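Read off the chains here:
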Amino acid sequence: MRELNGAARHRIGFTLNGRAVSGWAEPRLLLTDFLRQELGETGTHVGCEHGICGACTIRIDGRAVRGCLYLAVQADGREVQTVEGLADPDGALNALQRAFRKHHALQCGYCTPGLLMSLTDLFARTPRPSEAQILDVVGGHLCRCTGYAGIMAAAREVAAEP
Amino acid sequence: MCFGLVATPPVRYNRTTPREGREPARIMTEIAARHVGQPTERTEDLRLLRGRGQYADDLAVSPRTVHAAILRSPHAHAEIVSIDAKAALSLPGVIAVVTGEDVQALTDPFLVALRQPLHQWSLAVGRVRYVGEPVALVLADDRYLAEDALDLLSVSYRELPVALDPAEAAQEDAPLVHEAAGTNLVSVRDFSYGDPDGAFAAADRRIALTTRFPRHSYMPIENFVVVAEYHEGDGAWDVLANFQGPYSTHPVMARALRVPGARLRLRTPRDSGGSFGIKLAVFPYIVLMAIAARMAGRPVKWVEDRYEHLLAANSCPERVTTIEAAVRDDGTITALRFDQLEDYGAYLRAPMPGPLYRMHGAMTGAYDIPNLAITSKIVVTNRMPAGLVRGFGGPQLYFALERLIQRVAVELDLDPLDVIRKNLIPAHAFPYRAAAGALYDSGDYAKAIEIATGDGRLDDLIRRRDAARAEGRLYGIGFAAVVEPGMSNMGYLSTLLTTEARERAGPKNGAISLATVNVDPLGAVSVSADCMPQGQGHETVLAQIVADQLGLAPDEIAVNLAHDTGKDPWSIAAGTYSCRFTPGTAVAVHKAARQLRDKLARIASNTLNLRPDDLVFTGARIQARDNPDNAVAFARAAGVAHWAPATLPDGMAPGLRETAAWTPPELAAPTEGDHINTSLTYGFVFDMCGVEVDPITAQVRIDRYVTMHDSGKLLNPLLAEGQVLGAFAQGVGTALHEEFVYDSEGSFLTATFADYLVPTVNEVPRPEILHMESPSPFTPLGAKGAGEGNCLATPACLANAVADALGIADPQLPMTPKRLHALMAARDEPAP
Amino acid sequence: MKPPRFDYVRPDTVEEALAVLADFGDEAQVIAGGQSLMAMLNLRLAGPRVLVDISRLEALSTCQETGDCLEIGAAVTQADLLDRADLAEAVPLLALALPHVGHAQTRNRGTVCGSLAHGDPSSELPLCLAALEGQVVLRSTRGERRLDAAQFQTGLLSTAREADELIVAARFPLRRAGAGHAFAEVARRHGDFAIVGLAAVAHDGQVRLGVAGIADRPEIREWPFEREDIDAVLNRLAWDLDAADDLHASARYRRDIVRGLGPKVIAEARSCAN
Ligand code: FES
Ligand code: FES
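Those protein sequences? They're chains S, H and U, same order as listed. Our numbering numbers the first residue of the first sequence as 1 and each following residue consecutively. Our numbering numbers the first residue of the second sequence as 1 and each following residue consecutively. Our numbering numbers the first residue of the third sequence as 1 and each following residue consecutively.
Same shape as in the complex, but just chain S (with noise of 0.2 Å):
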């Protein structure tokens, strides 16, 4: 059993986006705030912290969450990806990345890291989703700048590559 005292830190890993990281965390510190002040990466946005905008999403041992439901303690252990390891391996921008750009799916781009961890999960598993997988997905985030219609455009072309 393991037992973390409140008022202490405690040292936490998890690999991110296939690389082992480390770092502290009181119990309460919410795994959004440990990615990006812990660990520096501040791909992961936060809109609202309860679990309503998506704008925290990443995917967690292959599924996609809400990081601002999710304690950094709970991820100790765990494989979390997030925006950051997107890009393909050469620092090019994947076919999602780039279907994004094409269809003006992001404006601000403050809700986008959290779709494109949504939309991950889903072609992850379901290849070929149909609209209603689609837009099942894309109805757990709020964006305020698009009209979520470049969104939808971009993921029905993903879902319809080869």
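It is possible that some hints are incorrect.
Claimed, not checked - The following label-pair restraints were derived from C-beta to C-beta distances:
#: 1; chain 1: H; residue 1: Ala-180; chain 2: U; residue 2: Leu-45; range: 32 to 40 Å
#: 2; chain 1: U; residue 1: Arg-176; chain 2: S; residue 2: Asn-5; range: 47 to 55 Å
#: 3; chain 1: H; residue 1: Glu-500; chain 2: U; residue 2: Leu-45; range: 49 to 57 Å
#: 4; chain 1: U; residue 1: Leu-45; chain 2: H; residue 2: Leu-414; range: 50 to 58 Å
#: 5; chain 1: U; residue 1: Lys-264; chain 2: H; residue 2: Gly-807; range: 38 to 46 Å
#: 6; chain 1: H; residue 1: Ala-180; chain 2: U; residue 2: Arg-236; range: 57 to 65 Å
Stated by the list, open to error - Only pairs whose alpha carbons sit at most 30 Å apart, straight line, appear in this in silico BS3-like list of lysine-lysine:
#: 7; chain 1: H; residue 1: Lys-818; chain 2: U; residue 2: Lys-264
#: 8; chain 1: H; residue 1: Lys-818; chain 2: H; residue 2: Lys-422
#: 9; chain 1: S; residue 1: Lys-102; chain 2: H; residue 2: Lys-713
#: 10; chain 1: H; residue 1: Lys-422; chain 2: H; residue 2: Lys-447
#: 11; chain 1: H; residue 1: Lys-447; chain 2: H; residue 2: Lys-818
#: 12; chain 1: H; residue 1: Lys-508; chain 2: H; residue 2: Lys-567
Said to hold, decoys possible - Now the stretches of chain U that chain H is said to cover, found in silico as 3 or more residues with beta-carbon under 8 Å:
#: 13; stretch: 80–89
#: 14; stretch: 187–197
#: 15; stretch: 250–256
The hints are simulated quantities; they were obtained by calculation from the structure and are not laboratory data. Just so it is clear, the structure is predicted and the values come from calculations on it, not from any experiment. Glycine included, each C-beta is placed from N, C-alpha and C at the ideal position.
Mind docking chains H and U with the ligands on chain S? Use the hints.
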């Protein structure tokens, strides 16, 4: 229950040819536009898609930084009897607690546009006037600890009666929000243009309605961020914040801090997570964190959370409008009369009451109505202070005006489209001076409507309505015709004052844009400018503009719009708001690039032995127009200016850095007769839609939505379309979902995203977008503002469609199922 | 906002978890997926002394058919369940209702039992459990007990779980041969909590209708197919639920939804029954 998506239609472009005798007046360049006008993909995306944006909360801060959290008022109106911070201060890690007493001692109240004593500080002083008002600030080692300390602060209040509803608050016996002001109705101004009384007396009919435009906000997904540091040595502050302008607020902050402007260095980051007007309202927090940093002797960082953002950041004002038309039986409107009461909440923060006056010159909308009477009233209430929200007074105006047009049609038994057409400003009338002074630059409204109803297939909409109605379904069609202002006259707000008061205060007019283009010794080009982009793609557009001027590729132009008042050009008009980018900043950048080009052409003409006029810039070379082989590399010409100033042509200043300023002469101060050209450019938007209302759930389904835009020349059609789509989604939110709700005590009921409903993809269909281009003769690039149109048009258009579907006269915004159900439900409910 | 301080324990076995609950009682708070609890912690609406994380307990991560029930362990996520290819066969009502529970991203983490434990009167899973007459399995150092849905949820955000008890599983009855099911909800946006949720089961000449979002817990009514005065039955039900006005809906609106949508849901369930 979700809306079906409309199939993605191709965007259609139509161009109007400038009419004879109305050639664009001041087109300054004959350079072939190779990049401007292209749907260039954005350079911003390359970092944003990789998670490498540079938003305010991403930037490194000093390790000495402490973190702030704010205690907020639970009461809408109360006296602060005492604040006990002992327990909070004894918590390990807590550094300081700042209260209203500190703020009162160290700062002055913010300047207000009215003379009344509506004092606001950055923390409540003595009294709280709305739920969510900042009462105390805690500084601690981290945000978690600071919030722990908030729980330990104890404040005792003595509650006071509240004034919430604008109309009730305006009554004489209402509880006073600011006792010293003696009234909540802090400004009443009457305006008259033409002969409204005569027109109303002569009218066949007078048709009126009253609308209420609700409080809401297009809150961005990124909240406010401020990092403030005080430098003892020079008595100056250095602040980083995701502020958006206008920088007319900078003097307001500096005055509050009791320093000259130069001692308040304000930096904005390269990326901002949306704003839509909202991040103007970060300015009181800039002052608060500045004071806290000075008291603590350490940098202070504050990151607002969503709860406090919804509760207290910003709201559009609520406006109650009674609008009346003098009408002939054939549908011609001869006069309009507005009575507008606008609620600004507890304080009149700068630059309020902007929304009430920003459209003033253009209150007659797209219609040629010569007679106009306006009464504009401002009331304060115990609700969150109002501020900038995309559309900025336009949505309030058009909800009233376009609903009225629909009512005129219903009352006269005419087709609403005929009423619109009958009253449109004719194409030959441009530039057109509207009754209250707006100078509409260009357009062909009738043609726009013809294209929209044709290519947008109005006949199909009518077929769908007829088929639905034949089956007993509730289907309606709505229209809205809207004139979209771009780039505000910095003098418009002075229309609020009487002519005498304006004379005393000195004239206010114009709208300055400033930009700098720099070429380094290796020929690399960089750009800085006075805008604070929040996702509009300004970097990309400016690179397109400069690339055309200098014969380079857009990706060779480095544009970094992180802004620093200590180093970059700015004026009070700086910022990204009121669609000033295309008619303003883009023009300044264009001018600066043009100046550089002229300079480089003269340098190259020395080398090539040609007249500067005979040179063209292309492919990173400067070459003879008729002999491409006679050329010098762009980089080489640039190097001359840096390395060999002695060889420069006579009289030429050394170096290659040009700053250009631009202010359009059309933006004159208000006249003695209160005529005011409130904006520089006036685009046109025509929307039509079909909606269906579910008879059981009372939910509105948007069946088809067509939106027609004439924004002059489009600098980047891809980005212009993005503006339309984004504004449309926000317009849908206003029409159907979003509202700040207070209970009868003034408590705020919509403080999470579970209760304040921002539309998701399931609620926003893709509209069909049509374009035409009537270039503006008043801007060198021919472009007009294009960011707000659907925020103005969509709520009105959807309301007209719902009114048509249900046969109701008064659809209230937002048209929630709860509201519509109340209108639809049979009067008698089945008994238990 | 950020959560208040708490200690964190991650037991390796159910027994360890029960021991912690026995020690700390209502000062302990169990977290599985945390999709409701974390939001409450972030808003400082909850402040446990110790958080007991059961999300990694293998023993609670199984989902299996036992007897006539699908027994869903407390660490099983809503997405795990929805991923089961046979769900529509095994418990059709869950297959219909789960897509309405939050969004894909919250279903990936949120558990079925967590939703039951939270006891929100407008949420879908308690409605399904009640409509299907399922059970909740509770365990403590004192032993194990099973409560019927109707006994388990006692009101708004409250259940019959004792402070030292852990919900170890939920038991959803498997589809009975010939039964038909239907689910509908009215929410402001897709994924929002229901203003009104309706679940119907038609079987063996009987209709069971469950309604969420109005009373302080899901309410169930049952009547034979033959009954002709359905409108009257639904009207009575609508009034019985004692609806209230709130931000998103009026009481009358809620009653009208029961009256208006109820017949459709019932007809749908009956059409699927054979
Ligand atoms: S920040 Fe996590 S959902 Fe909004
Ligand atoms: S791009 Fe700005 S919130 Fe989505």
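Taking the hints in turn, this is what the structure says about them:
no. : hint                                : verdict
1   : H/Ala-180 <-> U/Leu-45: 32 to 40 Å  : 38 Å, holds
2   : U/Arg-176 <-> S/Asn-5: 47 to 55 Å   : 51 Å, holds
3   : H/Glu-500 <-> U/Leu-45: 49 to 57 Å  : 55 Å, holds
4   : U/Leu-45 <-> H/Leu-414: 50 to 58 Å  : 55 Å, holds
5   : U/Lys-264 <-> H/Gly-807: 38 to 46 Å : 25 Å, violated
6   : H/Ala-180 <-> U/Arg-236: 57 to 65 Å : 59 Å, holds
7   : H/Lys-818 <-> U/Lys-264             : 21 Å, holds
8   : H/Lys-818 <-> H/Lys-422             : 36 Å, violated
9   : S/Lys-102 <-> H/Lys-713             : 22 Å, holds
10  : H/Lys-422 <-> H/Lys-447             : 13 Å, holds
11  : H/Lys-447 <-> H/Lys-818             : 39 Å, violated
12  : H/Lys-508 <-> H/Lys-567             : 26 Å, holds
13  : 80–89                               : violated (count 0)
14  : 187–197                             : holds (count 8)
15  : 250–256                             : holds (count 5)
Against the hints set out earlier in the document, violations occur for numbers 5, 8, 11 and 13.
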